[in-house]
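The whole structure should be built from the sequences, with the hints applied where relevant.
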Amino acid sequence: VYPSHRYMPFLECLFATLPMGKRPDLFPASTFAGCARRSALDWNTIRSCHDDPSENWRLQVEAAKNTPSDHDHVPWVVLDGVHVSENTSLLQAVCDAYSQRGGKDPACAPSKS
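Just so we're aligned, residue 1 is where the sequence shown starts under the working numbering, counting upward by one.
Simulated from the structure, these hints should not be mistaken for lab results. Quick caveat, the model's predicted, so the values are computed rather than measured. Don't be surprised by glycine CBs; every beta carbon is placed ideally from N, CA and C. Accuracy of the hints is not assured; some may be wrong.
[To be verified] DEER-style ranges, computed between Cβ atoms:
#: 1; residue 1: F27; residue 2: Q100; range: 30 to 38 Å
#: 2; residue 1: S54; residue 2: D105; range: 31 to 39 Å
#: 3; residue 1: P106; residue 2: T17; range: 18 to 26 Å
Printed below as a string of structure tokens:
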């Protein structure tokens with residue numbers, strides 16, 4: 001739905017906001033809505049995809065087929081075959097790997113703050 005320079009800030013926000021490890025209950029929708037808002041993404045579009053029971057089930061089945069057994073929490077991020085620590089900036093890790101291959105993306109531009 002969104003190009004990488006649009007969704008990477010959303011994933012970075014979730015990575016920074018959500019607690020690491022296993023959790024038996026659901027995360028509040030407000031967490032995701034807040035990250036969507038801060039990333040200038042349309043929360044209603046994301047929510048409608050998430051709330052579609054058929055799509056939700058399809059994604060869960062696909063994830064289960066493709067998730068190795070040693071991945072015991074989310075988000076579990078592997079970059080170039082190496083697990084990205086929960087204490088690492090996800091955006092920085094992706095940008096570093098991407099730029100090492102000559103890639104350039106607006107999401108990876110140095111901050112001008």
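Comparing the hints with the structure gives:
1. Between F27 and Q100 the beta carbon distance is about 32 Å. The supplied range of 30 to 38 Å therefore holds.
2. Between S54 and D105 the C-beta distance comes to about 32 Å, which sits within the given range of 31 to 39 Å.
3. As the Cβ distance of P106 to T17 is approximately 22 Å, the hint placing it in 18 to 26 Å holds.
In this structure, every one of the numbered hints holds.
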